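Engineer: As a plain string of letters, each chain reads:
4 protein chains.
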Amino acid sequence: MEKPMKTSRLEAFSDGVLAIIITIMVLELKVPHEPAPTALAALWPIFFSYVLSFVYVGIYWNNHHHMMAVTEHANGAILWANLHLLFWLSLLPFTTGWMGENHFARLPTVLYGVNLLACAVAYYILQLSIIHLQGSDGLLAKAIGRDRKGKLSPIFYTLGMVGAWFAAPWVGMMFFVAVAAIWVVPDRRIERVVGQQQKSR
Amino acid sequence: MEKPMKTSRLEAFSDGVLAIIITIMVLELKVPHEPAPTALAALWPIFFSYVLSFVYVGIYWNNHHHMMAVTEHANGAILWANLHLLFWLSLLPFTTGWMGENHFARLPTVLYGVNLLACAVAYYILQLSIIHLQGSDGLLAKAIGRDRKGKLSPIFYTLGMVGAWFAAPWVGMMFFVAVAAIWVVPDRRIERVVGQQQKSR
Amino acid sequence: MEKPMKTSRLEAFSDGVLAIIITIMVLELKVPHEPAPTALAALWPIFFSYVLSFVYVGIYWNNHHHMMAVTEHANGAILWANLHLLFWLSLLPFTTGWMGENHFARLPTVLYGVNLLACAVAYYILQLSIIHLQGSDGLLAKAIGRDRKGKLSPIFYTLGMVGAWFAAPWVGMMFFVAVAAIWVVPDRRIERVVGQQQKSR
Amino acid sequence: MEKPMKTSRLEAFSDGVLAIIITIMVLELKVPHEPAPTALAALWPIFFSYVLSFVYVGIYWNNHHHMMAVTEHANGAILWANLHLLFWLSLLPFTTGWMGENHFARLPTVLYGVNLLACAVAYYILQLSIIHLQGSDGLLAKAIGRDRKGKLSPIFYTLGMVGAWFAAPWVGMMFFVAVAAIWVVPDRRIERVVGQQQKSR
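Heads up: the sequence lines are chains A, B, C and D, in that order.
The numbering of the first sequence is my numbering, which starts it at 84 and goes up by one.
The numbering of the second sequence is my numbering, which starts it at 84 and goes up by one.
The numbering of the third sequence is my numbering, which starts it at 84 and goes up by one.
The numbering of the fourth sequence is my numbering, which starts it at 84 and goes up by one.
Chain A with its partners taken away, still in its complex shape (with noise of 0.2 Å):
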């Protein structure tokens, strides 16, 4: 029978991953060869989703460690599910490039939100590993309860694609702003688990 191991190796490993994924992105900032304020300017739409995605990386990280913290112990499948998840992380800084390199047109948008919405896909698979493992009574499980921005979050990012691609970028991208400020604010139930349970030992 498969035997669970310690998350804390794990939890490192992503740190790094993620980490470097947040600072590699500033490299698509290229430094202008001239000292000009319009050179800087012209540099605004790669700038500008910089910033959304240094946030959705600031998200995925901080929801990650409230995972991990009602988390102890891991398999093989959630080896694999979190590495999935960095998998298309990873993608980020690439999909994030190409939207602000071609000032947020049509096919790139899409495309960020199609690379977030794997993203998202993601991160539910693992949860769902995690609370295969604690059994439906777990930590994890009580802890996020109900899910209501997991599940909203895929609708915003198919919503923000299809009104990229019909409508307008500008569209599209209003949508992924609104998910990321919707998950800005931490993760109360998580924490609110975690207090309980600190206090009860």
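Each hint should be verified, as a subset may be incorrect.
Just so you know, same-sequence chains aren't split out, so a pair can sit in one copy or run between any two.
What the hints assert, rightly or not - Derived DSSO-like pairs (lysine-lysine); straight-line CA-CA distance at most 30 Å:
#1 K232 / K89
#2 K113 / K225
#3 K234 / K89
#4 K89 / K225
#5 K113 / K89
#6 K113 / K234
#7 K113 / K232
No wet-lab data here; the hints were simulated from the structure.
None of these values were measured; they are calculated from a predicted model.
We have chain A already, so just place chains B, C and D on it with the hints.
Structural biologist: Same frame as chain A, but now just chains B, C and D:
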């Protein structure tokens, strides 16, 4: 009610991001294709700005290290205040590169000062959010005391930006170098408090 | 006499290097300057080779994780065997990029196989040097058992290289994909031994 | 009075920086656009200098690892001495790239020696600042003993620089390779002291 969490993973993630920022700045030092001394000499402005930013990231790492030594728990506000600080620090490779590439021209030098100021403000917000959690009689509040350096730095950055814009870039640089010099001396106030705490255990 | 040391920092350093390798490979996916679908489609060989190498680094991280779970101490030979493994893994971004950039041409595909083989040999040496320290009745030796996968992989890599050179590159790729598929299933042997050990405590 | 702090985060940050330095050096190995053997063969000087610098960063990581194993506390001076060492190590990707790119021309080879010498001096200062804190009868002082390798290396680097400048670059390289070879043998003195300490517990 929101419950605080351990800061260990916050530290690990911040260490990762700071380590990457401090290291990728060297990528702006593009390897010359000729082995000539002139090719090397032409890099001095980029090298000098690299050294200055290396020292600044080192200062932030040191101070962050000391701050976290008296901070055992974090809440959502602290997590985001920390990411906000990392965001501004992550722009340093860009502003450093722009300033060095353009031989300390006026606008890039002022922008470098803006970046330094933004980092200082973000650090101050992080400090406030920790003190808010610990209370005004908490360890960090005691350790910081009147926080003279923390209050002096933004004034110096502002003077530097004004000087770089209206007088000459090197005037601004003098202020930026001066702030770095003030901070390189490690924060003995916190070391003192930590020391006393360890003694009393 | 030489004395063994704790492996915790060995793990931290390896995690860092593996996290960077897995993430910088995405930099080979150069952001196209046009928002056209053709510009994106042209990237498929680089994307496919990125996915394969991502999976391979993930496999090495997983196996390294499992190996270190049954290795408490390290000596100088183990430290260098570990660095030797990291060296060959650090070349993967280069060989992956060369293969993708040249649409799986014959020579780059063979070189990719050489790199994979070198990683496998380096991993095997690391395994041997740990078993040498622990003794043949140690935890790792027990956990590995007959090591069928470890013995099969180099044969498959060799067949892949021969196939890529004499038949066609896609023949070689099939072998490289097959080995990855075999390994994605996590190493249950070690999980079993760790589990039994935890039970007996 | 200044009080010492734990070294664990110092180690984590140093591991991060060293992991990034050792990995981004491979980015100098630019992926050729042709699948031809000549395109690969043209990279040999960059490859060779990459291998040498990889070994050097590996040596520094190993020795740093051993040094920190006998160092429990750090003060401000140690933190900055450590950052100073990381600074010179962070320049290795640049000097390595310049030397490789220019096929071991005279000036780049001498500069590489300068960089190695600066790293050695910075390491020595870090060692001194730890011994200053621990006292001359402390663990590190005992572990190092007469420090023959540490005293021999700067002499060899200097001979290498002189040889590269006045005789031929390959003469210098021989000295740089020789020092690496001397150090690859791990520092058994410290391992011995740590071993004895663990025994006596």
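Engineer: Evaluate each hint against the coordinates.
Structural biologist: Results for each hint:
1. K232 / K89: Close inside one copy (28 Å) and across copies (24 Å); limit 30 Å.
2. K113 / K225: neither (45 Å within a copy, 43 Å between copies)
3. K234 / K89: The answer is both: 29 Å in one copy and 28 Å across copies each meet 30 Å.
4. K89 / K225: both (21 Å within a copy, 20 Å between copies)
5. K113 / K89: neither (41 Å within a copy, 37 Å between copies)
6. K113 / K234: The answer is neither: 37 Å in one copy and 33 Å across copies each exceed 30 Å.
7. K113 / K232: neither (35 Å within a copy, 33 Å between copies)
The earlier numbered hints that this structure contradicts are 2, 5, 6 and 7.
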